[in-house]
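Protein chains in written order, with this note's numbering: chain Y, 1 to 460; chain R, 461 to 907; chain C, 908 to 1362.
Calculated directly from the structure, the hints in this document are not laboratory data. Treat the numbers as computed from the prediction; the structure is a model and nothing was measured. Any given hint could be a false lead.
Claimed, not checked - Cβ-Cβ distance ranges computed for the label pairs, FRET-style:
id, chain 1, residue 1, chain 2, residue 2, range
1, C, Ala972, R, Ser904, 53 to 61 Å
2, C, Gln1342, R, Val553, 52 to 60 Å
3, Y, Ala259, C, Lys1112, 33 to 41 Å
4, C, Gln1054, R, Pro833, 41 to 49 Å
5, C, Gln1342, R, Arg679, 27 to 35 Å
6, C, Glu1193, R, Ser762, 30 to 38 Å
7, R, Val551, C, Ala1126, 50 to 58 Å
Said to hold, decoys possible - Here are some chain R residues the structure puts well away from chain C; computed CB gaps all over 10 Å:
id, residue
8, Lys498
9, Val524
10, Gly529
11, Asp632
12, Leu713
13, Pro783
14, Glu786
15, Pro789
16, Asn819
17, Glu847
All residues carry an ideal CB built from backbone N, CA and C; glycine is no exception.
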Amino acid sequence: MTRKLITGLLFVCASAGAQSSPAVAIVNAKIVRVSGPALARGTVVVRNGLIEAVGENVAVPADAWVVAGEGLTVYPGLIDPLSTVGIEGAPNAAATAGRGGRGAATPATPAAPAAAPAAAVERARGPEDRPSTTSWLLAADELQPTDRRIETVRSAGYTTTATFPTRGIFAGQGSLIDLSSGEKAGDMVVVTALGQYISLSRGGGFGGGFPSALMGMIAYVRQIYLDAAHYQLVKDAYAKDPRGMERPAYDRALEGVLASKRILFPANRLVEIDRMLRFAAELKQPVVIYGGRETYRPEAVEVLKKAGAPVLVSMRWPEAPRDPNPEDTDSLRVLEQRDKAPGAPALLEKAGVHFALYTDGLEQPRDIQRAVKKAIDAGLSREDAVRALTLSPAEIYGVADRMGSIDKGKIANLLVTKGEIFDDRTSIQMIFVDGRKYTPATDSTGGGRGMTTNPPGGIQ
Amino acid sequence: MKLAVILLACAAAAGAASGESILIHNADVYPVVGAPMKGVSVLIQDGKIADIGAKIVAGKGVRVVEAKGLRVYPGMLDSGTELGLSEISAVRVTVDTGELGEFMPQLKAIVAVNPDSEHFGVVRVNGITSVMTFPSSGGGGGGGGGRFGGGERQMISGEAALIHTDGWTWEDMEINRSAAMHLIFPAIAGRGGRGGGNPDFGPQLISTTAGGTYTQARRTYEEQIAKLTDFFDDARKYQKARAANLPGFVRDLKFEAMLPVLDRKVPVAVSASRPSAIHDAIAFAEKQNIRIVVLQPHELGSAAAELKARNIPVILGRVLALPETEDSPYDEAFTLPLEAYKAGVKFAFGTFDNEFVRNLPYQAATAVAFGLPYDEALKAITINPAEIWGAGDKIGSVEKGKLADLMVTDGDPLEIQTQVKHLYIRGKEVPLTNKQTRLYEKYSSRQ
Amino acid sequence: MNKLLLGVLAAVAPLWAETIVIQNANVMTVTQGTFKGSIVIRDGKIVEAGEKVTVPEGATRIDAANQYVIPGIIDCHSHIAIDGGVNEGSVSVSSMVNIRDVLDPEDIAIYRALAGGVTTANILHGSANPIGGCTLPIKLRWGKDAQGLIFEGATPGIKFALGENPKSAGNPQGGRGATTTVQARYPATRMGVEDVIREAFNEAKAYKAEWDEYDAKVARGETSLIPPRKDLRLEPLKEVLEGKRYVHAHCYRADEILMLLRVADDYGFKIRTLQHVLEGYKVADEIAAHGAGASTFSDWWSYKVEAFDAIPYNTAMMVKKGIVVSVNSDDAELMRHLNTEAAKAMKYGGLTENQALSLVTINPAKQLGIDNRVGSIEPGKDADLVIYDKDPMSDYAKVQKVLIDGSVYFDRDTDISQRAAKAAEKQQLIEKEKQSQPRQGGRGAGRGGQGGQAQ
């Protein structure tokens, strides 16, 4: 009852805020701009959802609501380059890469929901049946602002997420969304179409049949791209002169593929990274690799560098199995993965490979903080860690002109902490999404369990 | 007691099977239990080795087999087969291993041995004169015949028999129908696992991967051990009640079958692949005061000393197998026999398969290539298994008084290129033909 | 992959560019006799082999006194080094898939096979479909990436399968390979297997005609043409019809072997190899007449009905009919001792030692069309060599060293000497992990089976 009322009030305020709210000025705070050197003591002015000004000597507008920033640090809001947040019912760890294969300590098979296959689903007899494909889907069309995970990950400092449909082989295109608590899904969308999410696994209630093996999935992806190119050719010819020409049939699977300006390919092991990079080159598609578990290996860094492809590294670091048979030891390969995977970001950074970190289903602020800390402990500098969670993902998706750093004119997605980010004792004080201020429901470093059940922090 | 009488009767019948007297003349005899004797003769009479010596003269009615340049060895014994019980392993109706039921000690492999199985002829031409044939059970949680699925987990699958690879009937073929009671000891699944193993001989693996944890698997394991212990305890109670013979006592065939096990007359053949499993099996055997033979260990490790200390023999196989884990040395399985030998553990070889029983000597040879002394390899397919399976007085060596289970070869029997020239089972010369030689002949003549 | 193995490779890498001489060895060339002598290797190739060779200045010498050298073993039927499934069994014709796409250069089976003297293997799709996936030969260059495994320039292949496997895969009552299927997959009989192959080639012929017509138009200079749709399923079959792709057909029974030969005759293509071909001895004349090679097992039999008439004399009988015969493994373990598998043809059927050795060297090389590169010890060929301590036709022989392209990829002494270091490295990682998880004690009540119950 009370809760409903508050939510209602918040909404009224929110929509008003998005239009013409008074400015907010955070003064005398440390400002980690990411795009340039940090300001030890500066001011950020936010108005109408955008950063109006940032600098050491910025005048505070007369109408601004002032936040005293002494002892606070302002970061750009974190960007998760791959998640399913906002698409309700989507599996958490959907973005887990690859088909596991030997050496995967934690099973890397994407969490396939146990959806009963519809009785009507026929067993696919080949690529022509377009199995496991919903390439035409756009995450933006599937958004559910009521997804409780929005609030959860925001409390961990995320203001933006690249959310993807993840079922099937061609799952559809992801969208970049700001994690505001609005009622209209459309208000959240920053970029509608980020690229096609491709997984090399079945599942998602698509029924049986082709393809069943990895090589079948690869062949299927290859055939789809051949078909798409041919489809385009025929369509163009028909558009030019339809007379005397058989009308090409509409194929939404191919439409979805043609509309995708990049593809996301799963790859964890070195072998997979090498394989998928080669495959993307063969398909002549700009590719983003996701997973990246073995990017600590010099050969993996090498091939990524050579291909000039960015990689999204999962922060779900491989862990020792719980309650293992004490007689069993994992193979050297697997032990090495567990030992070295968190060190990959530092190595990628050093080698100049474009990478970003993604949550891979981690949601709780404490888990995320721990995961980042692991990479930092393994050699990644704090600055580079922040970059890998802000500007780098923005660059990978070509949206660095509007987010990812604290610069004038960019979207006012900010994270304000007391203490250095990713420290044990640091607490997130407030989060700005599209200029609207949120406070984490509880101390985000305190474990944060149960946070999703708390009402969202209102704007002031 | 009664069993022993039956055994004796059978042995006598077997001994009388062949009337022909044969003199293998002027051969090199490799008795296995002693030094080779060059240029001697072996006299076969009444199915037995009547004499060995340089100066034996063929008496009247004695057929002389000239064997100059040839060698005489005892016939080989494979300690892990399903011979006679399984014809075409992929076709269930031709397979008689893996009965239903959890505790089935009353089952006897011997009664289902098909003397006309094509497999016997195939293994004979390579010099295999006797085998252990197991009632088996599906490992891998299958029960009721492993690869065919269904049924429940089996723990005791019945009596394995030591048989000749030739005979008119299974009674004829018998050497020791109660050579071992086959116990499928529970085990917790591990990572890795050797490729190509026959699940029929393997332990019942309790999965740790299918959603469960080790703690859960361990609990299941202990429950199963408890169940097994209960069964043995019940058998002891039965034994006591039987001895008391009070009015109202009712015979129970399962427990009757357990009596020779409880009395240590029949050993229990226990599948155990890892040191911990071997250790647990030994602990179980000590507690139950039973004799055991360990089948198919893949790793001995710390268990080797325990086995040696208690004189527990093991059946090794297959030698030609992949390493257990990714990090294991590539020759792990090849060197296991050497490890057993160095530890002083008594062992024999088994192929643990039906289709490749004829390759038994080559498995032994691989062990030699990787360090096992040659004589030990030869013993492990002749005298050692004969002793392990309670027939050391009958077969396994070329000695006066033993059954004339002999192979005459043109060379080292462990070498692939060596040909068996003559084969004798209980003194009877067995033709070296089979389904395969018949097809060879038939299609060689195709115009 | 672990550092140590990389270390081995790094250590031997410099050998590649230099000159190596293997001396004092019993050299079994397969094609040019056996002699006691030397082999000179330069830039990965054999430049000289003979009783007396001129040893170049500064050559690295490998003393192989009392040892035996043979050409690297070639396995014409293997399923190692494949990621994510050996079969695309969902469809009767799975020619759109390609093993090349899923090579796994880090499969430990590669190293183990190498340790058994194998240097080249024909990596095949499984046998779930009458027409299976595309295949290719690889060299077992352990430590290289997937591309580095591929046998450069070798004609690719395609797997066919006849008999019990394709007819029972995907059919509810067919035990082997059956999956949970919505409906039974055609075919379920040998008749259906033939039909599936004919239907596919019928389609492939039409497809080829369509492309030929288009190519002709392009050649005539016609412009603004729309090419036909490229069909990955029919493309390999078109290549078969054009002789650009070899057919490797899994088969057992005489009837199905004959059936396939006749289908191939009808559609005008050749069967390059019949794989397993356990009843090949029954139709050896027909196989020889067609010109198909035969790649068989030494002595497998009776594991299924169609293997019940298998005889170990099959190899020798087919050789005597003039068929190019190889002995293959189809198994990661058996692959490690193909030398003695070949020797079985001496026991069963009386082949000579050289004939037997040919079964796993020059003959499979011929079958794969790579005999200009490998399969014998001859000047100009790749320096793919195996050094044994004893005659490789003996059970007692152990592989000592294996060279591919003149580089040592396996060395038994090195392997053994590095075991302790590898174990230590592993132990160190285990300890490190334990220390980093101080609070994870107390779980997992079990004590590793160390005396759980019965005391």
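Right, here's what the structure says about each hint:
1. C:Ala972 to R:Ser904: 53 to 61 Å: violated, 43 Å
2. C:Gln1342 to R:Val553: 52 to 60 Å: This hint holds: roughly 58 Å between Cβ atoms.
3. Y:Ala259 to C:Lys1112: 33 to 41 Å: holds, 36 Å
4. C:Gln1054 to R:Pro833: 41 to 49 Å: holds, 46 Å
5. C:Gln1342 to R:Arg679: 27 to 35 Å: holds, 29 Å
6. C:Glu1193 to R:Ser762: 30 to 38 Å: The hint (30 to 38 Å, Cβ to Cβ) is violated, given that C:Glu1193 and R:Ser762 are roughly 59 Å apart.
7. R:Val551 to C:Ala1126: 50 to 58 Å: This hint holds: roughly 57 Å between Cβ atoms.
8. Lys498: Non-interface label on R:Lys498 holds, nearest chain C Cβ at 22 Å vs cutoff 10 Å.
9. Val524: Non-interface label on R:Val524 holds, nearest chain C Cβ at 27 Å vs cutoff 10 Å.
10. Gly529: holds, 18 Å
11. Asp632: Holds: least Cβ distance 23 Å, greater than 10 Å.
12. Leu713: Holds: least Cβ distance 26 Å, greater than 10 Å.
13. Pro783: Nearest chain C Cβ is 7 Å from R:Pro783, so the label is violated.
14. Glu786: With a cut-off of 10 Å, R:Glu786 comes too close to chain C, as the shortest Cβ separation is near 5 Å.
15. Pro789: violated, 6 Å
16. Asn819: violated, 7 Å
17. Glu847: The claim stands: R:Glu847 keeps its Cβ more than 10 Å from every Cβ of chain C (closest is about 25 Å).
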